[in-house]
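There are 2 protein chains.
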Amino acid sequence: MLQNQGREMMIVTSGAVAFGKQRLRHEILLSQSVRQALHSGHNQLKDMSLPVLEARACAAAGQSGLMALYEAMFTQYSTCTAQVLVTNLDFHDDEKRQNLNSTLQELLRMNIVPIINTNDAVVPPPEPNSDLQGVNVISIKDNDSLAARLAVEMKADLLIALSDVEGLYDSPPGTDDAKFIDIFYPGDQQSITYGTKSRVGIGGMEAKVKAALWALQGGTSVVIANGTNPKVTGHVITDIVEGKKVGTFFSEIKPAGPTVEQQTEMSRNSGRTLASLHPDQRSEIICHLAELLTERQEEILAANKMDMDLAVNAGHLPPAMLNRLSLSPAKLNSLAIGLRQISVAAQDSVGRVLRRTRVAHNLELEQVTVPIGVLLVIFEARPDCLPQVSALAIASGNALLLKGGKEAANTNHVLHKLTQEALSMHGVKEAVQLVSTREEVEDLCRLDKMIDLIIPRGSSQLVRDIQRAAKGIPVLGHSEGICHVYVDANASIDKVLKIVRDSKCDYPAACNAMETLLIHRDILRTPLFDQIIDMLRTERVRIHAGPRFASYLTFSPSEAKSLRTEYGDLECCMEVVDSMQEAVDHIHKYGSSHTDVIITENEDTAEQFLQQLDSACVFWNASSRFADGYRFGLGAEVGISTARIHARGPVGLEGLLTTKWVLRGDGHTVADFSEHGTMKYLHENQPVGQPLAGQRDSN
Amino acid sequence: MLQNQGREMMIVTSGAVAFGKQRLRHEILLSQSVRQALHSGHNQLKDMSLPVLEARACAAAGQSGLMALYEAMFTQYSTCTAQVLVTNLDFHDDEKRQNLNSTLQELLRMNIVPIINTNDAVVPPPEPNSDLQGVNVISIKDNDSLAARLAVEMKADLLIALSDVEGLYDSPPGTDDAKFIDIFYPGDQQSITYGTKSRVGIGGMEAKVKAALWALQGGTSVVIANGTNPKVTGHVITDIVEGKKVGTFFSEIKPAGPTVEQQTEMSRNSGRTLASLHPDQRSEIICHLAELLTERQEEILAANKMDMDLAVNAGHLPPAMLNRLSLSPAKLNSLAIGLRQISVAAQDSVGRVLRRTRVAHNLELEQVTVPIGVLLVIFEARPDCLPQVSALAIASGNALLLKGGKEAANTNHVLHKLTQEALSMHGVKEAVQLVSTREEVEDLCRLDKMIDLIIPRGSSQLVRDIQRAAKGIPVLGHSEGICHVYVDANASIDKVLKIVRDSKCDYPAACNAMETLLIHRDILRTPLFDQIIDMLRTERVRIHAGPRFASYLTFSPSEAKSLRTEYGDLECCMEVVDSMQEAVDHIHKYGSSHTDVIITENEDTAEQFLQQLDSACVFWNASSRFADGYRFGLGAEVGISTARIHARGPVGLEGLLTTKWVLRGDGHTVADFSEHGTMKYLHENQPVGQPLAGQRDSN
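Heads up: the sequence lines are chains A and B, in that order.
Letter 567 of the first sequence, counting from 1, is numbered 567 in UniProt numbering, and no numbers are missing.
Letter 83 of the second sequence, counting from 1, is numbered 83 in UniProt numbering, and no numbers are missing.
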């Protein structure tokens, strides 16, 4: 095959499509619109394949229509097609096979897309009993094996076989235990149970697998995917070619480690044991991890040096990122101190009784904190996240999947090894899993039945991306921080200058930094106004004017493009409002409900602001930068959430917990409490504070 | 136009497509696959329109390719196409227009789809200045007005104009205040601001609106929608024809009431005032509503009688549903009692201080309960839900959108009127909105930026449907209740019989009813086993055997199709396990984490079960039917949740609350606390229990 010619492809119609994995010469064919066209063209064929294949004669008749459609479509993109009809027999005759091979090679060389189909008119009639309704059907299995043979013959890189199910399952889809297989290794074949072929004309999965294995042996990779439902599968072929996890991929090489699905299951199972440990045991694990961070410093720093060297040599990481990537004895030390704090918090997280009710005589109800289940934490090039997040998960009894930036791969590997070493002391080594950097975040978000909560730790861009990708799984994180500081007419000059400076300049990239400064109209053209402007100028803060602010000034700064901007830098928007009420309305309209501040000496105005404003954090005469778990005194900080349910604002360990209801009775039934029953509800609230009986016992 | 012929359609290519709203004669054309074909065919045209339209000559050259493509595609579905080239001038000449009309009528009569395009080769060159790069472009505005003219000429019911944006916005899309317009009334035109036409060749929105208004005046409805992004828009044309809310709909008739978007905004604004009321005031509103339910009984019952009469006459409602639909003085009375209980709960919901921390000298932090925001509650034909849910929303200070079943429309209307009457006493009438029954649940779920929580009240099928439809909005509800009762080897016969009977038979359709009975192997072939079977037989419970259970019996009941079945009827699955541990594993594998029960006299076994099992409710020697907010003593019941975050299991009012953090300082900055600063964090926990200062004031 000629290289540097783009992707070459051949299409086997009616149920099987083979794309060669080189690119077509014409650049236009690489554009998304064409891919869509190719794709939707294929779907139409799929839709038609049933009527077309009702009988051999019908197939022959349909062939010309099919070809006309393909030709018309490809013509729109200046691509020629060619029709090639073959039979399986053509492969058995060496001369015929060579003729076919050179014809196809020549077509590809000329940038013509061969559309290949079985020459149904001349193949033998279907074998008796080969299909349930054999008489009226041309066995479509031919197309699977035809595609496989052609793929191998033409040394194709990839064969895509489209089916009406998502791919391969280990037992017939729909049964209780059926599990989807992402990657299939030939050695695993015995673990598959095939269902009876109930639907004729679709091609049994067994036949597809056979053909796929045959192609795999011949050196062609194979993907079996669903091509019937464009709403669900979207652009299945382009997705596959782009390397996304779609369908079942057939591979010769079994990777050393477990798949991410297996890792999730291991962590869930081990996590259940972790959750049932005594709080002291979880605390011990975290303390041990803290010790290991000091004891095994050299090992950690050596790995970190490898990552640093790679990053420096690659030369593409900005200094701030290099700084975050690098570890030092001092950093490890403060990390260990933080872990010891978490180990204290671990004593009082899982199994805390929040509510205790005497429902009736001998019927006692408790609401108890329990772990959420399996957490997925995604962090960027900052390896100190790993032990910190692991400690938080262990403290809260949650299973954890970690996905770190590939820049820190070596450091993460060592830190994860030490975490598992610490976990081993109570037999829960597998509760924390490090997901290989090969896995795309999008692929992880697909595991919506297995992961209960995603926590992105990093830039708000990362959080936004993940919130977009995570369809069914809740995400704990702040997507945007458009924080306001409102300077009231009765504000103290000193407090205004201090708080505005701190809110904007202390750390401009933080989500709790001020983005918009609202000032009361009465302040305009006062000394306070001039002092604010002078201070911002001195701090080199670039000011963007809101429309009203601009209208009040003879010479105003450039107008803000939008009042909803998160600058994340030494820039801010300034706008004028007539009253505290107007400030509240402005913030409701343009803010992100993260953190908003009022500066005033008038207590009534302040309390109205604090009460009316619907933000996660509302502050009076304090910098917006206080919106932070550590500064709030929450102990271990999980993150800051802009979600409205579960946890809001700075989140401590309780954000990683949910509750369960434990009811202990003595044979009670609800019928006992019916009109004619013998029991009455008491619903007496009891004092809480003692640990669960079960946890007393397990110690 | 001939009726009863199915949908007739005409296609105006290159940017505008008009479908007549009758059906095509051939049934095959109604199938989804064809709709997809038509649709994707159109998309390809869109994709191509830019290159094709680069010059008149090019357009002429492209025409044959376009036609070949249309023809090839439609041929696959036995549908003929015809090519008609026209110019705007053809409409000005009466004779020409009549000729065109009768040609098109004749084609439609013959079931041929006319593909109409401007005869670019003969139209005058584009007017100077009509487009930014006029020389090289044929003004595509022609297609919009051409489609409008044709639609009116042919008396089409619907004109679909596809654009590259979702539809019409009230200001240029992308600006701060741009709002999407769902339905556009000609009178509203002055409220639109158009952007400058920055992209040539797409057709300005202004021209589209002009053409649309022209068609509307001529009696044709118009939808402007996005046809460029198949990933987002899906099957835009079929969606529109099926009446889904896609794009902007142009209508002559302005409906009496506000749109659902306006209702949501009204309720959010009014809800903010509701939230800032004193708890006593919210309580008063609920008490007043309770009074109105008694005082205005006659009015309510009269409306309910209308609904009942309609339902009885229609004759399709099953008796159980009629029972739920009907109200009586007794029902209203107990409803009023329930509301008074909620009014008590309202005293202590919003503004409760959960945590109070002295962060530093003069820096005080409080975590306070606040409403979630806007709730959407969807309920079926059960009008008593309306005042109940309204009271819960009012008690928790939330704005509320209500969507009830259409069977109860009259009753709901009156009940909602009374609710608003009660709300008026404190000026928050609009906080509770009744959404018209025209709105589809799917359309409501699209309002993900405006609604914070969806609560479906009804069958678990309803909950499942809504969980599927609600992409970005959290849903509070139980999707499945596959509840287990495990009978341990050491169980008491009496308790087993009582609890198993109650769990399965008290109310088999409830989500907390037992679906699978797990028995310890030692019980097989004991008198207890026989007594369980006898009891189930007496209660007419149909037993399905799990695989192990079946293998132990000589003659077993029919095998269960799946161990994950929610029967919701007098049926259950029975399975055998070797130990408590195996029961836990079985429940983790096949259960839905709703409610699971152990029956045993061994306390250790029980506590192990209660601790290890990861379900929302875990019970020892008590019926699964206790999993219920009322029975748990939570006061007002919001629902039962199978989610793992926010609220889990039976949910009381606190499920409708979130928190905000209030920080009161005296000019504090985080810089004060830095290494070189003057302040130190204290983080002293303070006692809670006093109301918010702001709420003390507002009374």
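If you are wondering where the hints come from, they were derived from the structure by calculation, not from laboratory data.
It is possible that part of the hints are untrue.
Anything over 12 Å on all C-beta distances counts as not near chain B; from chain A, calculated [stated by the list, open to error]:
no., residue
1, ASP157
2, ILE253
3, GLY665
Straight-line C-alpha distance at most 25 Å; calculated DMTMM-like pairs for lysine to aspartate or glutamate [claimed, not checked]:
no., chain 1, residue 1, chain 2, residue 2
4, A, LYS406, A, GLU364
5, B, LYS680, A, ASP93
6, A, LYS245, A, GLU106
7, B, LYS660, A, ASP506
8, A, LYS471, B, ASP628
9, A, LYS471, B, GLU261
10, B, LYS179, A, GLU566
11, B, LYS589, A, GLU566
12, B, LYS660, A, ASP628
13, A, LYS589, B, ASP176
14, A, LYS589, B, GLU603
15, B, LYS179, B, GLU265
16, B, LYS471, A, ASP239
17, A, LYS449, B, GLU442
18, B, LYS660, A, GLU566
19, B, LYS449, A, GLU566
20, A, LYS155, A, GLU106
21, A, LYS449, B, ASP506
22, A, LYS589, B, ASP604
23, B, LYS449, A, ASP585
24, B, LYS660, A, GLU601
25, B, LYS660, A, ASP239
26, A, LYS449, B, ASP465
27, B, LYS660, A, GLU106
28, A, LYS495, A, GLU582
29, B, LYS561, A, GLU603
30, A, LYS561, B, GLU442
31, A, LYS589, B, ASP443
32, A, LYS660, B, GLU265
33, A, LYS179, A, GLU442
34, B, LYS589, B, ASP628
35, A, LYS417, A, GLU265
36, A, LYS660, B, GLU442
37, B, LYS495, A, GLU675
These numbers come from a predicted model, not from an experiment.
The beta carbon of each residue, even a glycine, is placed where N, CA and C say it ideally should be.
Checklist entry - Hint by hint, which ones does this structure get wrong, listed from lowest number up? => result 3, 4, 5, 6, 8, 11, 14, 21, 22, 25, 27, 29, 30, 32, 36
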